[in-house]
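Asks: Take the given structure of chain A and dock chain B to it, following the hints.
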Amino acid sequence: MDKNNRSIILSLFLCYLFLVILAILTVAAPFIVTWYVTYFGRPEALILVALVAFYSCFIPAVVALILLVKLLKNIQLDKIFIKDNSRFISHISVCCFIVAVICFASGFFYMPFFMVFIAAWFMGIILRVIKNVFVAANEIKDENELTI
Amino acid sequence: MPIIINLDVIMAKRKVSSGELAEKVGITQANLSILKTGKAKAIRFSTLESICRVLNCQPGDIIEFKEN
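Chains A and B, in that order, are what the protein sequence lines are.
My numbering numbers the first residue of the first sequence as 1 and each following residue consecutively.
My numbering numbers the first residue of the second sequence as 1 and each following residue consecutively.
Since the hints were made in silico from the structure, they are not lab data.
Treat the hints loosely; a few may be bogus.
[To be verified] Computed, partial: chain B to chain A, Cβ under 7 Å: (1) ASN31; (2) SER33; (3) LEU35; (4) LYS41; (5) ALA42; (6) ILE43.
Glycine included, each C-beta is placed from N, C-alpha and C at the ideal position.
Here chain A stands alone, though its shape is the one from the complex (with noise of 0.2 Å):
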């Protein structure tokens, strides 16, 4: 097995790690926020604007490790260049885009919702640089691959 298979191996491993997370959150997450407000002293109020952030945000999360490993599955089968991968990367920068609108909602009811909206907006504009990446390459794989 090659170093390229093992890291692919180990980003698909972290990929279904973190769905199983998301999967333990989505049971947990009404325990953890209770236990947070109170804990820390936050106002109750709080705890239906994290739910809400959360359980808004777990859908394109989801879907973003899904097309993840749908994209790396590819990568492992040697397709790199293909239209289906520069798809894939196109709806995942969408999914942080989502996720980025749902945070900046929530930033007005509790401030530290802003920087995770920030995260998320800048991560789905360099998916979008990395899609035109791929749409780039692409082109030129198939002007390669046609050329006798």
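Replies: Relative to chain A, chain B alone:
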């Protein structure tokens, strides 16, 4: 694309099969098919040179420009 590949015509005139041409030129039959069907985006000078040598023709016999 206004570039037309007349490879089929020259091959028929010279009575050369696809398999034979591909082997003599040193490309796969799949690539020769891409070239013949006009799906190719570019042709290397080395490939063009080999094809012209094998088919005893000029590049202009194989490639033609036709305005749409």
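Asks: If a hint holds in the structure, say so; if it does not, say that too.
Replies: Structure-based check of all given hints:
no., hint, result
1, ASN31, "5 Å, holds"
2, SER33, "10 Å, violated"
3, LEU35, "5 Å, holds"
4, LYS41, "4 Å, holds"
5, ALA42, "4 Å, holds"
6, ILE43, "5 Å, holds"
Consistency note: the structure conflicts with earlier hint 2 alone.
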